[in-house]
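Same order as they appear, the protein sequences are chains A and B. Taking my numbering, I'd label the letters of the first sequence as residues 1 to 309. Taking my numbering, I'd label the letters of the second sequence as residues 1 to 254.
What the hints contain is simulated information worked out from the structure, not anything from laboratory work. There's no promise every hint is true.
[Stated by the list, open to error] Derived pair list, reagent style DSSO-like, types lysine-lysine, alpha-carbon separation capped at 27 angstroms:
no.: 1; chain 1: A; residue 1: Lys272; chain 2: A; residue 2: Lys284
no.: 2; chain 1: A; residue 1: Lys140; chain 2: B; residue 2: Lys72
no.: 3; chain 1: B; residue 1: Lys251; chain 2: A; residue 2: Lys110
no.: 4; chain 1: B; residue 1: Lys177; chain 2: A; residue 2: Lys11
no.: 5; chain 1: A; residue 1: Lys11; chain 2: B; residue 2: Lys94
no.: 6; chain 1: A; residue 1: Lys272; chain 2: A; residue 2: Lys304
no.: 7; chain 1: A; residue 1: Lys129; chain 2: B; residue 2: Lys8
no.: 8; chain 1: A; residue 1: Lys11; chain 2: B; residue 2: Lys251
no.: 9; chain 1: A; residue 1: Lys140; chain 2: B; residue 2: Lys94
no.: 10; chain 1: A; residue 1: Lys140; chain 2: B; residue 2: Lys222
no.: 11; chain 1: A; residue 1: Lys109; chain 2: B; residue 2: Lys8
no.: 12; chain 1: B; residue 1: Lys72; chain 2: A; residue 2: Lys55
no.: 13; chain 1: B; residue 1: Lys251; chain 2: A; residue 2: Lys210
no.: 14; chain 1: B; residue 1: Lys8; chain 2: A; residue 2: Lys15
no.: 15; chain 1: B; residue 1: Lys251; chain 2: B; residue 2: Lys177
no.: 16; chain 1: B; residue 1: Lys251; chain 2: A; residue 2: Lys208
no.: 17; chain 1: A; residue 1: Lys264; chain 2: A; residue 2: Lys290
no.: 18; chain 1: A; residue 1: Lys210; chain 2: A; residue 2: Lys223
no.: 19; chain 1: B; residue 1: Lys8; chain 2: A; residue 2: Lys131
All values derive from a computational prediction rather than experimental measurement.
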Amino acid sequence: MSIAIETIGLKKSYKGMTAVDGLDLNVPEGSIYGFLGPNGAGKTTTLKMLTGLTKPTSGSIRIYGREVNFGSHRNRTDIGFLPDVPNFYNWMTPAEFLRFAGELFSIDKKQLNGRIDELMELVGLSGVKKKIGSFSRGMKQRLGIAQALINQPRVVFMDEPVSALDPIGRKEVMDILVRLSGRVTVFFSSHILSDIEKVCDRVLIMDKGKVVLEDSMEALRKKYSNGVIDIEADTPESKALLMDELRRMSCIDKVQNMEDGEFKVFTRNLEKAQHEIPSLFASKNAGLKKFILLEPTLEDIFMKVVDAK
Amino acid sequence: MSFTAYLKKEIYEAYKTPKGIIIGIIFLFFGILSPLTAKYMNDILALVGQQQGVSIQLPPSTYRQSYEQFFKNIYFMMTVVTILVFAGSVAEEKSRGTIVLILTKYLSRNAFIFGKLISAILIFTVSYAAAAGICMLYTALLFPDFISNGVIWALLLYWLYGCLMIALTIFVSILSKSMTAAAVAGFACFALISAVGAIPFIGEYTPGVLQGLSYELTNSTKTVSDIFVPVIVTLTAGIAAVTAGLLIFRKQEL
């Protein structure tokens, strides 16, 4: 898989304060890449450098192998950008703004008409003819996504696309992002971890300008797994019998009683426990109603790595 | 093509928002008012005098007074309106954040500034030409000997001065973070031009004397050859403001 975004030693300092400190990025093509961090971590500064709006103090940026130079518009055909609070010309209608944005890329008129219809449909603004000035925040955000996609970019940068939205607006935007999956590389920053968790293939966590963690969601869940299994036996008798047996197993650290037929198993060796527990149920002729590996949430991981730092 | 699209949007915006309309209405108002004031002011004053029992004898007004009135009115109003309307051209895009959406498209920073500059000059030129045209028309209707070669040059001098004010306003708009700051800086430029224009020996070669030269051209006390140096200085100042603006804007982080 080729690399869509690559940065080497990216750094940005403002009057003695380092906002981004030696960021090395390798974002795979087609991925939805979550860029996390608490407020002031350097997310917006990084996005502005990646889009050529801010000059890095040092380091280099490449998008699909083409160097990004501050202030230059040369690589703009490859990118789309949605700022945290997108602002438009209030006197325009959404279709007028998209047409204007398309014309800035010199897109052929016929092709542009089709593209506008397609994007208005994608973001749920089809048939909306009122002026942007009367739009809600959510509608502006959706139009912001549409304008970022007008040139069919290979990479879309989104800065906190859902942070300012109500739950309905957030869901609408997240649904659009899911639909983009695989079609375009999406690099988006957020501090709403549950949203990132739902849609991202890979995440990077940044704190005080430095990378504290970068990996695929799958690898992170594995790495930060607590090794806890949620189990439910079919009868109270089975539960009592099995809890005793489980406590004696070497791969298990602790068994915690829960309501009804449920109990939690804290493992020492998760892989071994995943094999041995079902076998034990089978050997005792007990029914297994539930067997769920409790995975850490991104919030758990985030708190762990940011706190540890 | 992206530049054309941007320029088209800027011009369209001037007439979708009050900007272009404000300039047009104010300029036209003074274009109509100036000849009427010149023609009837003497009569009004004589009438007022009569009512007070005082006999006021004034020489009959001429087309020159009509143009003088126009230049006087337009000099101040043109400056104020130009600064207020165009001060936000770059600063407001920065403060509202629209600039970020535009400059992440295929539009260079130079094209962005030239789009602002050219559209502003076009809007100003159309409004000014309409006002000057109306003023000339009314002057022709009210005064039989209505034109001299000097009037056309005087009108062109004012147009040049307006273009300089636009270049300076856009320059300060590039430097500023808000429309208010840009407008204050624009008025400071206006004050500086007027102050430098009043300095003996130096002032007569600067844009500050264009207003005085316009009167003199209309009255035929100066000829076209007399305006050469201040015109060159004005053009140079305008080009310098645009060049400096472009260089600064290229380095601005957004």
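Here is how each hint holds up against the structure:
1. A:Lys272 / A:Lys284: Given that 27 angstroms is the threshold and the Cα spacing comes to 18 angstroms, the pair holds.
2. A:Lys140 / B:Lys72: Cα-Cα ~46 angstroms, so violated.
3. B:Lys251 / A:Lys110: Violated: B:Lys251 and A:Lys110 sit about 37 angstroms apart, past 27 angstroms.
4. B:Lys177 / A:Lys11: Since the Cα atoms of B:Lys177 and A:Lys11 sit roughly 25 angstroms apart, the hinted pair holds (cutoff 27 angstroms).
5. A:Lys11 / B:Lys94: Roughly 24 angstroms separates the two Cα atoms, so the pair holds.
6. A:Lys272 / A:Lys304: Given pair A:Lys272, A:Lys304 holds - Cα atoms ~25 angstroms apart, limit 27 angstroms.
7. A:Lys129 / B:Lys8: The given pair, whose Cα atoms are some 21 angstroms apart, holds under the 27 angstroms limit.
8. A:Lys11 / B:Lys251: The hint holds at about 18 angstroms.
9. A:Lys140 / B:Lys94: Holds. A:Lys140 to B:Lys94 sits at ~18 angstroms (cutoff 27 angstroms).
10. A:Lys140 / B:Lys222: Measuring from Cα to Cα gives roughly 59 angstroms; hence the hint is violated.
11. A:Lys109 / B:Lys8: holds, 15 angstroms
12. B:Lys72 / A:Lys55: violated, 47 angstroms
13. B:Lys251 / A:Lys210: Given that 27 angstroms is the threshold and the Cα spacing comes to 26 angstroms, the pair holds.
14. B:Lys8 / A:Lys15: Given that 27 angstroms is the threshold and the Cα spacing comes to 40 angstroms, the pair is violated.
15. B:Lys251 / B:Lys177: holds, 15 angstroms
16. B:Lys251 / A:Lys208: holds, 26 angstroms
17. A:Lys264 / A:Lys290: The given pair, whose Cα atoms are some 11 angstroms apart, holds under the 27 angstroms limit.
18. A:Lys210 / A:Lys223: holds, 20 angstroms
19. B:Lys8 / A:Lys131: holds, 19 angstroms
Of the hints listed earlier, those the structure fails to meet are numbers 2, 3, 10, 12 and 14, in rising order.
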